[in-house]
Amino acid sequence: MTTLWSKISAALPLNEEQFPLQFSDKVESSVVEMLKRCRQQLYSDATSGTSRMLNAQIILDFSWEKLNTGTWRHVDKEWRRVYSYGCLFKVAALCREDPSADEVLQAVRTCDMGLLMGAAIMDNILQVIVRILQREVRESTKEGDESEHAEVKRIKIECPHVPVIKEELAVPRMKCPSLESFNTNCLLPLKPVILEGIIDHWPALNQHPWSIEYLRSVAGCRTVPVEVGSRYTDEEWSQQLLTVNGFIDRYILNKDGEEALGYLAQHQLFDQIPELKEDIRLPDYCCLGEGDEDDITVNAWFGPGGTVSPLHQDPQQNFLAQVVGSKYIRLYSPEDTDKLYPHQSQLLHNTSQVEVENPDTERFPEFAKAPYLECVLKPGEVLFIPVRHWHYVRSLELSFSVSFWWS
Amino acid sequence: MRWFGFGFNAFGQIYVHEKLMKGECSNSVNEVKVISPTELTLANHVDRSDCCQIRASWSRRASLHLDGDSCVCLEGFGASSASCGIHVKESRGCKDASISESYLTLAFSDRIESWDLQKEEKTPTWSMEIKTDNSGPPLNLPVVPGGYIATKPPFYRSLSPHLKAKSLALSAEHAILLSASGAVYTWGLGSHGQLGHGGLTSEEEPRAVEALWGMPMSCVATGGWHSVCISDGGDLYVWGWNESGQLGLPSRGLRKALQEQHSQQAGIPCQDASTSPAEEQQEGEKHEEVFISIQAFPALLDITPSCEIRTVSCGSRHTAAVTTTGDLYTWGWGNYGQLGHQTLISSDEPQRVEFFREQQMRVVNVVCGMWNTFAAVVKEEVACS
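Chains as they are written, first to last, in the numbering used here: chain A, 1 to 407; chain F, 1 to 385.
Honestly, the hints are just simulated from the structure, not real lab data.
Computed from a predicted model, the values in this text were never measured in an experiment.
Be aware that a few hints might be false.
[What the hints assert, rightly or not] Across the chosen pairs, the derived CB separations fall in these ranges:
{"no.": "1", "chain 1": "F", "residue 1": "Leu-258", "chain 2": "A", "residue 2": "Thr-50", "range": "48 to 54 Å"}
{"no.": "2", "chain 1": "F", "residue 1": "Gly-146", "chain 2": "A", "residue 2": "Leu-348", "range": "40 to 46 Å"}
{"no.": "3", "chain 1": "F", "residue 1": "Pro-161", "chain 2": "A", "residue 2": "Thr-47", "range": "55 to 61 Å"}
{"no.": "4", "chain 1": "F", "residue 1": "Leu-258", "chain 2": "A", "residue 2": "Glu-357", "range": "36 to 42 Å"}
{"no.": "5", "chain 1": "F", "residue 1": "Lys-164", "chain 2": "A", "residue 2": "Lys-26", "range": "34 to 40 Å"}
{"no.": "6", "chain 1": "A", "residue 1": "Lys-277", "chain 2": "F", "residue 2": "His-262", "range": "36 to 42 Å"}
{"no.": "7", "chain 1": "A", "residue 1": "Leu-348", "chain 2": "F", "residue 2": "Ala-180", "range": "29 to 35 Å"}
The beta carbon of each residue, even a glycine, is placed where N, CA and C say it ideally should be.
Bound-form chain A, shown alone (with noise of 0.2 Å):
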């Protein structure tokens, strides 16, 4: 019986030699000095868990303030696996000594937060980490789950408004067009459409149907960013790092009383997550595109009924694929862009000020007079939003949707 730090070890280079910390000269010898220590003391007998912890705690905080210095964008990448290497002794620490469940939970968390914040370090080891620990989770856990089944009767069944779409503002529809159709009527001219029965040999709706159970089993102790308030736009919108279970406890669930909204938004769960990539394809209408493959961002979007995108625009041709639950949205032309009223600021620079459900017509007079089409997406089906259309998104109940921006 293979206990699970033979498991970890198994994962690591043999010895402290093989182990390596290369470095710029952007990370101060130091701190290398601190990482050699971690380093000798991950393959040393003679040493305490506490010391272990300590000193990758003190990579931790040092690289952490790092990654919160200037800019994300200009975030030095070696500061970011400097931190990734905290997080792999951190999670050699704690599970090298009989780990209690809680710890390997721990262990599990620390390994996304090097996948989250950190950069890719030893041939991704994080990620081939934190699949063993996953494994471990699992096996503590096949007990005991017989409340899952009342849960989902717990979620709320009422969808308030649903909105009745008129026939004339309706996005129109095209069942598995060819790769020409959609090219001519859709894609050259910027036009959008929902695409009928091209997602139907996903196995997230077929093989393995995403359902919160099957979000638990697959990642319901990994750590992802939820955003927290009605709308992006809002004073009281946050962000806030939550297990998968704690998300669905929270904000699908409504355990502990939560008013507040929380949305799985804008996540790149599947680089996360690699067993949920393999339950959804990329569509091929993308290869029409000028871009590589490797460049397409694909996205989660996971939360309750009511979660709202406010209107706003992107600077790429999008496949918004419904898999769960109904949204309602929205689309005006970028022609249209006079009458949607843009926020002035940089940061808000591709987002209305209008709530498209609500408009201040007195603020936003013009607002009434552009045109638009909208619809109800169902799962099963996919609507592209050309580069630069306006969208504004509602969901209707519990949704899990995926998106793909491409060029």
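Assemble the complex: chain A is given as a structure, and chain F must be docked to it using the hints.
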């Protein structure tokens, strides 16, 4: 004058533990996190009771001995295992010094030099001539005639003469300048409110902090993401990021971190970094507490009981202030013992460091490294009975 240090000591910059002297590295928590003020042993050869000044970076501490044959001694990372640390020969005759993680900057009466601490070279990485006259104000790094010395190249940055720079504090990404007339200017990155102009935008050029206009200030300091200044009347103003309580204002981030620590220690599995509202209500406190994570305008900080502040210094996420009555108050991030309250707990409320009172010592100065604090004390005059 004696100096005491507490906080981060992983490189022996506060005191050197036996193992370090033998060339091993000690990894005991007590030695890496010094929670109780510990007297600094100063270089043996320095045969006087006055160590004038301390400067500290993350991994080092520099002691400036400015009497007569002045010099700078370095302790911490890279210092030799002998107990007196490195004696920087090249520093003989210097008037002032400043230290960052990468460079040691020395100010002489006729020149400024920056030495690269990562390399062992015989000459400074950079130097420049200056003209000072003995009648003018003493050198006050990083301010130099015509400008200031930055923490990384290009070292010399000019400053407009109309600013009349008297003193300057620098963090990695922002700067605060005190003019001869007591006005305060800030520039650099503003994303955490550290510039004090009311927003989160950055400034490329020094911009006056209007909220303080008309109130002459006497001292300025910067932390990693916060700024502090003292008025002529001894009032303390703070602004910037408060995620660890470094502003001395209620910090939600701090309360959450403390709860997480608490539940981990109590053995309660804690998966999330956020507090559940139900827990807070159970404590019976129903009052609505206003938390401040970013203070974009200067705020007056009341350090109770009312007292005048004499000097202040900041680490990356903590603040230390000395009162005119000789007390030291600290607040902010405390995970390494840098608050000196003999715990590893952070605090969003200024608290007095009782150690000095108990020892009947009067604190007269404070200088912070990134994660530690150094206090200068003199013996309290014993009251005649």
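Do the hints match the structure? See the list:
no.: 1; hint: F:Leu-258 x A:Thr-50: 48 to 54 Å; verdict: violated, 20 Å
no.: 2; hint: F:Gly-146 x A:Leu-348: 40 to 46 Å; verdict: holds, 41 Å
no.: 3; hint: F:Pro-161 x A:Thr-47: 55 to 61 Å; verdict: holds, 57 Å
no.: 4; hint: F:Leu-258 x A:Glu-357: 36 to 42 Å; verdict: holds, 41 Å
no.: 5; hint: F:Lys-164 x A:Lys-26: 34 to 40 Å; verdict: holds, 35 Å
no.: 6; hint: A:Lys-277 x F:His-262: 36 to 42 Å; verdict: holds, 38 Å
no.: 7; hint: A:Leu-348 x F:Ala-180: 29 to 35 Å; verdict: violated, 41 Å
In this structure, the earlier hints numbered 1 and 7 are contradicted, and the remaining ones agree with it.
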